[in-house]
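Peer 1: So you can see what is in the structure, the chains are spelled out below.
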Amino acid sequence: MTDLSTYTTDLIKSFEFFKPETTLTATIILTIIFDLIFKKSKHISGYVAIIGIVIAGIFLHQQTGVEYKAFANLLVIDDFGVFMKYIILLSSLIIIIFTFYSKELHPGKPRLGEYFTLMMGMTLGMFLLVGSANLIMIYLSIEIMSISSYVLAGYTKEIKRASEASLKYVIFGAASTGIMLYGISILFGLTGSLNLFNINQYIASGNVDDMPLFVSSLMIVAGFGYKISAVPFHFWTPDVYEGAPVTITAYLSVASKAAGFAVLLRFFKTGLVDPSSGTLETWNLIGNIDWRYVLIVISILTMTLGNLVAVWQNNMKRLLAYSSIAHAGYMLMAVAVLNDNGATAVLIYFFFYMLMNLGAFFIVQLIANKLDTEDIDDYAGLGFRSPVLGVCLTIFLISLTGLPPTAGFIGKLYVFTSVINAGFVWLAVIGVVNSVISLYYYIKVVRNMYLRQNEHFQSKLTYSPTEILIVLMLAIPTLFFGVYFTPIVEWANLSVNILVNK
Amino acid sequence: MQGAINFPILTLITFLPALGILIILLIPSGKDKEAIDLSKKTIKWVSLGITFIQLILAAIIYVFYNSAKTGINDINTFQFVEKVNWIHANLPLIGNIDIDYFLGIDGISVPMLLLTTIICFVAILPSFKITKAVKGYFAMYLLLDLGMVGVFCALDFFLFYVFWELMLLPMYFLIGIWGGPRKEYAAIKFFIYTLVGSVLMLLVMIGLFQSVGTFNILDMMDPANFKAGAILSGSATTLRYAAFLALFIGFAIKVPLFPFHTWLPDAHVEAPTPISVILAGVLLKMGAYGMIRIAFPIFPEAFGYFQSLIAWIGMISILYGALCALGQHRVGKRDLKKLIAYSSISHMGLVMLGLSSMRPEGMVGAIFQMFNHGTITAMLFMIVGVIYDRAHTRGLDDFGGLAKKMPVYTGIMAIAFFAAIGLPGLSGFISEVLVFLGAFKTFPVLTAVSVLSIILGAGYMLWALQKIFFGELPNKWKGPWDPTGIEYKTDDINGLELTALIPLAVIIIFLGIYPNPMIDLISGSVNHFIDLMKPFVFIGGL
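Residue numbers (the numbering used here), protein chains in the order written: chain A, 420 to 921; chain B, 1173 to 1714.
None of these hints come from the bench; they were simulated from the model.
Model, not experiment: these values are computed from the prediction.
Please note: incorrect hints may appear among the correct ones.
Said to hold, decoys possible - If you want a taste of the chain B side facing chain A, the calculated C-beta under 8 Å gives, among others:
hint	residue
1	1256
2	1257
3	1259
4	1334
5	1337
6	1348
7	1371
As the list claims (entries may be wrong) - Here are the computed lysine-lysine pairs in the DSBU-like style, where the Cα-Cα straight-line distance is at most 30 Å:
hint	chain 1	residue 1	chain 2	residue 2
8	B	1205	A	789
9	B	1304	B	1255
10	A	879	B	1650
Ideal placement from N, C-alpha and C gives every residue a C-beta, glycine not left out.
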């Protein structure tokens, strides 16, 4: 088809748009090197990673508005990807800062070099996944991010439940990627291509039967469902979230989910939507299978199960794990309507979800640092023992519930708006009923903090000004975006362009 | 005198509590006992000052308010209007979003605004007895105040919703931290019930926004603004009926109407006195206010369709509440506070009956009744608080012969009790008569049955009066309330409590003798409202 020189031109040009990923790759190597040179310093690799993230962020910023298919359509650069990459980058940055204040990661460990290396590896994997437009590329990037996260989940290997978490994660992960690979191979057999654009072209020509296409796509979606912990692929989530260090739990609940949602949306929009006849209001799916109902069923199961099981949790990390399952369900509602409206809602929701969820996890970590517990009953009287943390955790939990004037409310508002706009009023009703259920367990934490007293411990908990500052830097935007959300909404709306076949 | 005020008085009255919260949070807690006491005292007086300024502002608003202007659906006849663009987002792909910071008042909101500021001011006084976490208490109190005033001023649905939800968390804490023995249960029950109502409202809000393209409540009242083919466009569609019912249930939970009322007795029994006062005095009015401001005028044909159902619910609430109150004499813990809580359900049912009549006298009566119920019930709860603080019980059977021990208290209590029964010469009588007059024309049978509640009311109230104040004083109360004489120097009601109760008593008596100021305030807007609703509703043959 083309000669060598075309390939080289493409390759060279592609590298121009591969700068963020290249930076991250360099950062991985540098974290190892710095860790080896400065053996005394615990955090040196972390600082290197932060610098790497900032540089990657600058390169990412240059890609705003760019639409490009790089490396012979392996990767695409578009505004949608840039938005999601920002979310991933921001959460990586925040998590690295959290790590500096983590007690559980430190005892007995002289340094955390490989921790930061693995985190950067995970970030790279997610970056690649967000941009992938090729099934093998999708598979490989999922593996890159998964393998790093398996190790990170069991990073505190002296703790038994961490090892258990890691093992469970590996087994479930292997099973689900296996299913996904099987789906990929069927789709490849059907269409003769691994590239989403070519697959799209081929199935648009009407040469593929609905049923095998449905089965293979469903298997692939199962692989994504594992990453976003959608029911019924969620079984690993509570155990892994409970066993992993808080920082990694927080990271998995935000960044890894963002990558999962990004690839899910891209798979549908690029792969299964007819680009010629669709409008922005609705994406015209190829074939006769109405994927909306498949996704709606998954979303209803996900949010309802997440919320109902969360009600019974007594461990804060487990509670937040189930709550994150529920939030995946809310976002899936917006994915399920399969239009730009819904995709925008997902982006808006994700940005706010990142703020409030990371904030909640950081406070859990700070409390665990002092009290060595994640049991909700031990939170009794905490609102009086540490007023700032109490108030901020209340803000985060209220935001997770979705009450105004917090950012979480705006996220929910947009999700429900997109759902109602698409005509699924009944789905919105199920969604708000779920919100009410979620209030019960979020407020349970608030209740313990303020309405109950701990008989044994009354002393004040003191935290360093930097720790408080980090909490406030997440809590204040959570409130601010609740009353003024124009910038985020506009940004998300501009970023909703997912590159399709033209 | 309209136009004489050029500064944003509604913003000031709404956000003044926010300033109060800021000041309170900045007051240092103090290290030794003296400094701590001083700090607590300052916090209390700052809160009192803030609510007092709010009261003054409300008085200014009342003075400058022009009752010839009707409001309801026309921005030009609203007064003290403030309209600033708050959120404007250019969303080329999914449609722009515009939210206004839009405040304004008419004849329906002014009485509520007055009521809120009066109640918030007087309820600060019993709050002076709070000793636990004073700073948190008053911060939450003022936040609640902010939300309540905001709800009565907001004319943008989004803004309205934000204020509406803003009240939930402070209320949860105020019941949950400073409440009685079953406070946790009562607080979460309150929160979940009201949240169910709120999310129903949220869905309708989204639907209306989709259909109208703005959150402006006034624009939503004009069918011409609805986009063709949108989700809530048209008239008398199933979705519009469903949306109306969702809004109605959302507001009915707050009122509360049978069968959504079960949170109320629990919340009242467990809440501390001042919070019970606010709950009954202001919060319950929000449900009815929301119906008049939003549910009815936006969905007039749906209101017409469900009109008799609403009247039925009103009647059932009136009788059910009254019977439950009466039942407090026979079963359960015979709790005086619970009795008053149930009587609230009965009185708010009366408001619903008046509204459903769609007759000028019925509706004026209903809104007047909202105001009167606010003042009367606030008095009743404070009166219960007075005795509970001293005896640490509110059991109906635990007392007797208090008239001899506390003569002044008995006098005040008599005013409140008789006002609640609807004795002529007191404000409750006027509004009840107006409601029954109006409702009788539209729903003669339902009204005739509802009038029975007056007899029931006289029954449970007089019976309670008799049990507590007459007869023999039980031996355990023979001595002074406070033998040390530190907290209570005399056996009778003290000056602080009287300061809170007397203004309310004056209002009740004054409006009972001369109700015109309040009726003039309301009637212009009500007449306009009924003109708007007339094509869609049933107003009976009489």
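Peer 1: Now tell me if each hint is right for this structure.
Peer 2: Results for each hint:
| no. | hint | result |
| --- | --- | --- |
| 1 | 1256 | violated (13 Å) |
| 2 | 1257 | violated (10 Å) |
| 3 | 1259 | holds (6 Å) |
| 4 | 1334 | holds (4 Å) |
| 5 | 1337 | holds (5 Å) |
| 6 | 1348 | holds (5 Å) |
| 7 | 1371 | holds (4 Å) |
| 8 | 1205/B to 789/A | holds (29 Å) |
| 9 | 1304/B to 1255/B | violated (41 Å) |
| 10 | 879/A to 1650/B | violated (45 Å) |
Consistency with the previously given hints fails for numbers 1, 2, 9, 10, ordered from lowest to highest.
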